[in-house]
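Here the structure of chain E is known, so what remains is to put chains A and F with the ligands in place on it, guided by the hints.
Protein chains in written order, with numbering that gives the first Met the number 0: chain E, 0 to 319; chain A, 0 to 747; chain F, 0 to 419.
Among these hints, one or two may not hold up.
[Stated by the list, open to error] Calculated lysine-lysine pairs in the DSSO-like style (CA-CA distance at most 30 Å, straight line): (1) E/Lys235 / F/Lys159; (2) F/Lys13 / A/Lys41; (3) E/Lys126 / F/Lys63; (4) E/Lys235 / F/Lys217; (5) F/Lys91 / F/Lys163; (6) F/Lys388 / F/Lys13; (7) E/Lys126 / F/Lys91; (8) F/Lys63 / F/Lys87; (9) F/Lys383 / F/Lys332; (10) E/Lys126 / F/Lys9.
[Unchecked claim] To give a feel for the contact side, a few chain A residues facing chain E, derived at Cβ under 7 Å: (11) Met586; (12) Leu587; (13) Ser588; (14) Pro590; (15) Val593; (16) Leu596; (17) Val601; (18) Ala680; (19) Ile681; (20) Gly706; (21) Ser708; (22) Leu709; (23) Leu715; (24) Thr723; (25) Ser726; (26) Tyr730.
Read the hints as simulated data drawn from the structure, not as lab findings. C-beta: ideal position from N, C-alpha, C; glycine also.
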Amino acid sequence: MAGMSRYIAERVIQTFITLIIILTLIFIMFESLPAKPQDLLAQNPLIKPEDREFLTAYFGFDRPIQERYLLYMQHMLTFDFGTSFSQAEPVWNLLEERIPRTLLLFGLATIISYLIGIYVGAYIAWKRGGVGDGTAVVTSLVFYNMPSFWIGLIFLLVFASQLDLFPLTGWYDPSVDLWKPLNILWHMTLPLVVLILLNLAGTILLMRTAMLDIIGENYMVTAKAIGLPERTVLYKHGARNAMLPVVTSFIISIVFSVSGAVVLENVFTFPGVGALYIRSLSQLDFPVAEATLFIITLLVLVGNFFADLIYGYLDPRVRI
Amino acid sequence: MAQDTGGSTPKPKAKSLSKIEDIFSDHPTLKKYLRGPLRTWKLYRSSMTGLVGLGIVLGFFVLAIFAPIISPYDPEFRAPAEDVFYANNVELVITESYNWSAPVGLTADTREEALIGLMLYSKDDGKALIYPVGTGVQEIEVQDPTTYSLPVGFDYIEYVHFPRVLGETSYFLVRDGQTVYEYSDNLIDLNVEWDLGFEPMYTSNLWNGYTLALRFSRLALVMTDEHNVWLYDKVPRDNLGFFTETRTFTDTLTITDETIIGNPLVVDGDFEDGSVIIIPTSSDLRAYRIDVEKSLLTGIVQNVSIGAQMWRKNYTLDGNEFTPVNAKQMIAFPYAQGASDAFGKTIIVLATTDDDLIAYQREDGEIKWSGPLIMPGITDFEIGDLYSSPAGIIVTGKAETRGFVAGVDPETGSVRYNRTMFSLTEGHINSPPQYVSGLGTFIYSSDRGIIYLSDGLLGINATFAAPGGGALTPVSFLGNIYIQSSVTGNYFAVVTSENTLFVSTLSGVNKAPLPPGKYPSGNRYILGTDYEGHDILAWLIYGTRSELMVGITAAFVAVVIGTVVGLVAGFYPGIIDSLLMRATDVMLSLPGLVILLLFAAVFGPSLVNIMIIIAILSWAGIARVIRSVTLSLKERAFVDAAIIAGASESRLIFRHIAPNVLPYTFLYMTFTISGAIVTEAILAFLGFGDVNNVTWGMMLQYLQISGQSLIAWWWLLPPGICITLLSMSFYLIGRAFDEVVNPRLRKR
Amino acid sequence: MALIEVQDLKVHFKIQNGWVKAVDGVSFMIDAGETMGLVGESGCGKTTAAYAITQLLPPNGFVKSGFIFFKEPPRTRLLRLEYDQMFKGNPKGREREIATMRARLTKLLEEKRDIKDKTGQVKSKGTPEQIERLDASSAEVTELTERLRALTYFYDLLAKSKLKDGRLDDFNEEIRKIRWKEISMIFQGAMNAFNPVFRVGDQIIEAIQLHEDVDDDKATERAKALFNFVGIPEDRITNYPHEFSGGMKQRAMIALALALSPKFIIADEPTTALDVITQDRILFEIRKLQEQLKMAMMIITHDVSVVAEVSDKIAVMYAGRIMEIGKTVQVFKNTAHPYTSGLLGSFPSIEGERRRLISIPGFPPDLVNPPPGCPFHPRCGYAKPDCSKVVPKGIELEPGHISYCHYAKELQPNLRRLGG
Ligand SMILES: Nc1ncnc2c1ncn2[C@@H]1O[C@H](COP(=O)(O)OP(=O)(O)OP(=O)(O)O)[C@@H](O)[C@H]1O
Ligand code: SF4
Ligand SMILES: [Mg+2]
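Extracted from the complex, chain E is given alone in its bound form (with noise of 0.2 Å):
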C-alpha cells in the first residue's frame, strides 16, 4: 500500500533525525563533564602506552572539538565503540553478548504486558464500577508508584530467598540440568514478572482511561445495535480504538520500561546492558557508557519506531 509505505519512510526518517539529535545531546553532555576521559584513560596502568596513543587517537583526544564530533559521530553510527578503559577489551565485545539478553529480557516484558495490559485494561473499563475494576485500579496504582528496585527486592527475598523457587542472580547456570532455554526463562522469570507488573501497571491505567474514552462513542453503540456478541463489542470495536492513545504513549512507557529494566537488571544481577551501563558509570569507563547510552537510546527509538508502525497499522486515518 502506497500510503504506508510513505508512512513508514516519514518514520524512518524522523526517527533518524531523533537518533542524530540525542546522539548530538550525548556527546555534549560527555563532553562537558568535569571528569575528562583522557586523564582516565592516562591513568590506567592496564592499558599499554602504545594502546594509549592508539586510543587517543581514536575517540580524537588529540583533535579539536568539532573533529572529535565527527569522529564519534562515525563511530556510532558503525557500531565502533572502542577499546573500556577499565577492561582493556573492545566494548563491542562486552556489549555483544549483552544486548540479545536485554533485548530478551526487555522485549518479553514489554510485549506481555502490552498484551495483558490492553486486555485486562479494556476489561476492567467495560466492566467499570465493579470490584474487579476497583481491585484492578487500586492494585495499578499502588503498582505504577511502587519504585521497580523495591519489588525486586521483595520477589527477591520471598521467591528466591525464603520459597527457593527461584535463583537469586545470574542468566544462565550450566550447572544445573536443565535445558539451556529453560535454564535461562528460569533465571529469566523473576526480573520478567517484576518488569512485566510494572509495565502492566501503567498500561492498565492507561488502557482503561482510554478506553471509558471510547466506550460512550457511537460507533459502540452501533456494534452492540448490530447485535454483535460482548466479546465482538468489548474487544473487536472497543480494545482497537482504545488501543490508538495507548500506542501514542508507547514512547513514554517505554522510556518508562527501558529505566525500569536498567535498575532491575541491578537489582537481579542480570548481565544485561543496564547492569553494564550503571558499572561503566562507577567505574567511569567512558568508552562503555557512551556505548551502553547510546544502545540504551537506540533501543527506546527502534522500541518506538515500532509503536509508530503499528500504529499505522491499526489506525487507517494516518496512513494518508
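Only chains A and F with the ligands this time, still in chain E's reference frame:
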C-alpha cells in the same frame, strides 16, 4: 448519545464546608476570592481516592515538620551495644600447653579479608596450630587444628597476605637469629631464607601498599639492629597476566654515624614515588626513600632498593632538645594507607620523653607542632603507646587505665587532644586497638585479660572476660567472617590464657539489623534498626523531609520550565513552536533515568544536583500539555476580546492565558512530584544518592550494601511502602484534580 | 396489527443530584408498514425512548416501568388487556392464575405424553377416544400457552432483558437476535456511527453475516446493492469512514440500517445532514422499501415537514411525555394540544407560504424536577389553576387521536394549526 455516568456515587455532604461558606457569605470580597478554590474543592472532594491521597500527603507533611517531636530517636541515634552486640564465644581446649603467641587470622584471597583460619605459634617448641574456621548460618565454627612443627626458637614475625590477588598469596615470616625464613601458607614449604648478617632488634610495621588506581599490592617490611637496615619488599604476581610470579626484593643499608634506637616506620608513598622508611636514631629522625625501578615498557617492577636519604631532623624544637620516648610509638597519620594524600601530606607523629606529641611532615621532615599536652583533669599522663585510627591517634597511658584520642589538624599539622578521655575498668591496654571497619569499632585487650569493644572515640561498647580469667596474649582482630555470601561483620578475636588450657575464641556478632521489639537497654524499636543500629522509624520520619523537598522542588522547577515553554510555543505558532516541540519530542524519547544516572555519577550525588537533573528531564511532557491548553485558550472568546481591547502580548500571556493554565500546571506538578520521589529513590538505591541526607532510597541502598536485603524485612518494607505511598498519594491528588480540571473525565 | 406497542414507558437517568425523568410514561403503537413521526423539542426524551426500544440505554439509564411489546399476535394482545383489567391492583391473583394455568399445562402435557407412550408415538394407532383426547388437549395446550403468554407478557422485550434494578442486560441473548435483524436504527449522530478503524463496507458485511449465513461474496454483493440504493458509488465500500463526507456517512448509516430488511426501523434524525434533494430522494426510497417489505418505521425529528411528508402517524413529545398523538392529518389539521400548536408555529409551513415563526416562550423544563401537573403549564398560554396540579389524562378526540390536555376539547377549535 449516551454519556456514561456509571459509578459516580453521590457523596456525603461535607458539613464543615458549608459552614465555612456561611461564614464568608457575610464578607463579599473574601467570598469572591474564595469562590474559585471553594468550587474546586467541592468538585475535588467527590473523589474518594483524591481525598485519601490528600490525607496521606498531609500526614507526611506533618511528619516532616514535626519530625523532631514525633520521631522516637534522632537520625544519628544508634542502638547501644547491649542491644546490638552479642557475644558468640567458641571455647576450645588446647591439649598441650605452650607459650602461645597472639593469634593470627588467616584470610582467604578470594574475598577481601575473609577469615578462613586461625594460627597460634609457640616459640618454645616451634609448634604452630592452624584451626580452620568455617561459617555457620549465624555463627562461626572453629574446627580441630592441624599441628605444624617449625624449628624451635623461631621468632614469629608476620603473616603476609595479599588481598584481592589470586593465587599463592600468603606467607609466614619467621626469624631465627640472623636468618629470616619465609614459609608459604601451609607452613611446610620453605620458600626462601635470608641471612641478614646481623641479628635484628627492631621491626617496622608491615606496610601494605595497595593502591586503588594501580590495583597492585605491594608489601614492605624493615628490620634493623643498631646500625644495619634490611628491607624486605614484595610485589605479588598479578591476576592480569603481566607478570606471573610474586617477586621479593631485599636490600640493606648501614648507618654508621648513629645508633638506631627504635622500630623503623614504613610510610606510604605511591608506587611511582616509592615509599619511605623512617628510622629513629640516637640524635635524629631519618627518612630514606624506597626506590622502585620499573620496566618502561610494561610497567613491571624490576627492582626495589633503599634509596637516598630524603631528610634528617634533629630532635630539637624551638631550640629545645628532646628525645623520643621510644620510637616504637612512632606512627604515621592518617591511618588509611591508600589515602595518603588526604591532607596532601603524611604526618608522622611520635611521643617524646616529656610526654609531648611531635608531628613531622613526611615530605621534608619539618616539625609542624610540639607542645605539652593539656588534658583537663589529668595532671600526670605518661604516654604509653600510640595507635593510629580513622578517628585520630589513640594515645594510651603508660601505667594507667586511661587514654585519649588525639587528632591532627590538617591545616597546621598540629596534634591536639580533642577527643574524649577513656578509661578501662581494669588494667592497661596491651594490644593495639584494631579498627573493625564494618562496625566502626575498635577491639583491644587489657593486660588484665579483658577484651574491649569500643566505639570510634573509645567509648566502651562491650567487654568480654576471657574464660578462666588471668592474663592473656594481646587480642587480635582477625578479619571478617562471611556468612551467607555477604559480609556480615562477625568480628573475631582470639585470646589464649597463659597457663590454662583454653583457647577462647571470642566472636562478637553484630545483631543489627535488629527486628522490631523491645531490647535489653529498655529501648523499643518499633520498626527495628538497620545494620548500624539506626532506628528505622526515626529515619523514615526524617526521610520525609528530604523526600518532600526533592519532590516538590524538582517538580516546581520542571513545571516552571514546562509551563513557560508550553506557553511560548502555544503562543507563537510557526518556527518557535515547531522548534520547541521538536525539542520536547527529543526530550521525551531520552531515557531520562538512564541519563540521570550519568549526571549523578559524574557531577557527584548531591540532593541539589539530583533535583535539578530530575527537573530538567521532566519538563517536556508538561510543556506539551500546556501548549495544547494554551492553543485552545487562545481560541476562546475572551482572549480575542483582550486582543481587541489592545492588550500587549505579554499582558495577554500573563494576565489572560497564564491564570487559566495554572490549574494544569498544578496538576502536572503533582504528577511530577510523584515521579520525582520514585526517581530519587532509584538513584539513591543505585548508589548515586546524597549520602548527607537521610532518604528512603538511601535506606534501601544501605540495606542492599549490608547484604541483609534477603533477611531484614523490617528494613526492606517500610521505606518502600513510604515511597509508594507518598508517590501514589501525589498521583492520586493529580488524578482527582484532573477530574476537576478536565470535566470530560468527571463523568467516569 | 400492532408490530410494536409501547405502554407506559418510564426511563430515568441517574445523575449526581437525582434522576432525570427523560421518558416518563409514554405509550404508543405502530403497525406493520406504518410510519410514526416522533417530534418534540430538543431534550424531550425522543432518543431515550428510541434507545429503550432498541435496548441501548447507557449504564445510568433505568427503566422504571412500562412494556414494549414486539410482534404480539392480536389475540394475545386482547387477552393481555383483558387480564390486565381483571387483575388490576391484584398481582397476587395474577400469580395464582399463572400458577394454576402452569399446573394445568403440565398435567396436560403429561397426559399427552402418556397417551403417546401408549400409542407408541403413532397417533393413528390410538383408540378413537385417545385420538380425541389428544386433539382436545392439543387445543387446550395452545390456548393455555397463549393465555400464559398474555399473562406473563411474553412478547415484552423489556421482560427479557430488564434486570432487577431496572437496568437492561446489554447483551441479552434473545434481544441480540432481534437486534438489527428485526429492529434497526439510524442513529442521530450518524457521523460517528461507524468505527473509524474498519472499512465501511466491512462493517455492513459484519452485520449481514452476523445474522444470516451468507458467504463473503454474497454479503459484499448485498453491501454494494445497499450502497447503490442510498446513492453511494459501490466501489466505495472499501473506504474508511473518515474518507466519507458527512452526508455519505449518513447515507451509509441508512444502508446499514436497511441491510437486514428489519421489521422495524427507528430513524433518529435520519436526514439532517443531507441536502434537500438527497433528503427527498432518500425519504422517498425508504418509503418505497418500507411499503415493499412492510417495514414499520419511527422517525424522530425536529423537522415537521419531514414528518408531514412521510408519517402516517405523529406523536408529539414534551418533557418526557406524549402530548398529542394521532394520524398525521388529525394532528396537523385538528391540533388538539397547545404545545403541538406552538411547535407547529415554530416551523415554516410546508405549503410554501411564508409565515412568521411563532416560537413557544420560555424553555423546556428541567427533567430532574419537572413541573407538577401538566408539564407544559409554565409555558402554556391556556393554563388554568388545576393544570399545575393534575396530570392530564389522555382525551380521545377521534379514534386514534389522543391529546393529553385537560382542555383539549375546549381548545381544539381555537388552536392554530398547519395551514390554518
Ligand atoms: N446518559 C444520560 N444521563 C443523564 N441524562 C441524560 C442522559 N442521556 C440523556 N439525558 C437527558 O435526558 C433527556 C432526554 O434526552 P434525549 O437524548 O432523549 O433527548 P432528545 O429528545 O433526543 O433530544 P434531541 O432532539 O436534542 O436529540 C435530556 O434532558 C438529556 O439531558
Ligand atoms: S393541560 Fe393546561 S397547561 Fe397543559 S396544555 Fe392543557 S391547558 Fe395547557
Ligand atoms: Mg435525540
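Right, here's what the structure says about each hint:
With a CA separation close to 26 Å, the supplied pair E/Lys235 and F/Lys159 stays within the 30 Å bound. Taken as a hint, the F/Lys13 and A/Lys41 pair is honoured in the structure, with Cα atoms around 20 Å apart against an allowance of 30 Å. The straight-line distance between the Cα atoms of E/Lys126 and F/Lys63 is roughly 23 Å, inside the 30 Å bound, and the hint therefore holds. For the given pair, E/Lys235 sits about 23 Å from F/Lys217 by alpha-carbon distance, which is consistent with the 30 Å threshold.
A hinted pair counts as satisfied when its Cα atoms are at most 30 Å apart, and F/Lys91 with F/Lys163 qualifies at roughly 19 Å. Taking the CA atoms of F/Lys388 and F/Lys13, the gap is near 25 Å; set against the 30 Å cutoff, the hint holds. Of the supplied pair hints, the one linking E/Lys126 and F/Lys91 is violated, its CA atoms being roughly 37 Å apart against a limit of 30 Å. A hinted pair counts as satisfied when its Cα atoms are at most 30 Å apart, and F/Lys63 with F/Lys87 qualifies at roughly 18 Å.
For the suggested pair F/Lys383 and F/Lys332, the alpha carbons sit about 25 Å apart, so the restraint of at most 30 Å is met. For the given pair, E/Lys126 sits about 25 Å from F/Lys9 by alpha-carbon distance, which is consistent with the 30 Å threshold. Residue-level restraint check for A/Met586 is violated (minimum Cβ-Cβ distance to chain E is 9 Å; threshold 7 Å). The interface hint given for A/Leu587 is met, as the beta carbon of that residue sits about 6 Å from the closest beta carbon of chain E, less than 7 Å.
For A/Ser588, the suggested interface contact is upheld, since its CB lies about 6 Å from the closest CB of chain E, less than 7 Å. For A/Pro590, the interface hint holds, the least distance from its beta-carbon to any beta-carbon of chain E being 5 Å, beneath 7 Å. A least Cβ separation of about 5 Å between A/Val593 and chain E falls short of the 7 Å threshold, and the interface hint therefore holds. With its C-beta approaching chain E no nearer than about 6 Å, A/Leu596 sits inside the 7 Å limit, and its interface hint holds.
A hinted interface residue such as A/Val601 counts as satisfied when its beta carbon comes closer than 7 Å to some beta carbon of chain E; here the least separation is about 5 Å, so the hint holds. The closest approach between the C-beta of A/Ala680 and any C-beta of chain E is roughly 5 Å, which is under the 7 Å cut-off, so the hint is satisfied. Given hint, A/Ile681 at the interface with chain E, holds; its Cβ is 6 Å from that chain's nearest Cβ, closer than 7 Å. A hinted interface residue such as A/Gly706 counts as satisfied when its beta carbon comes closer than 7 Å to some beta carbon of chain E; here the least separation is about 12 Å, so the hint is violated.
Interface restraint check for A/Ser708: the shortest CB-CB distance to chain E comes to about 5 Å, inside 7 Å, so the restraint holds. Annotation: interface hint on A/Leu709 holds; nearest CB of chain E at approximately 4 Å, less than 7 Å. The interface hint given for A/Leu715 holds, since its Cβ lies 6 Å from the closest Cβ of chain E, which is under the 7 Å cut-off. This hint holds: A/Thr723 has a C-beta 5 Å from the nearest C-beta of chain E, less than the 7 Å allowed.
For the restraint placing A/Ser726 at the interface with chain E, the shortest Cβ-Cβ distance is roughly 4 Å, inside the 7 Å limit, so the hint holds. The criterion of a C-beta within 7 Å of any C-beta in chain E is met by A/Tyr730, whose closest approach is roughly 6 Å, and the hint holds.
In this structure, the earlier hints numbered 7, 11 and 20 are contradicted, and the remaining ones agree with it.
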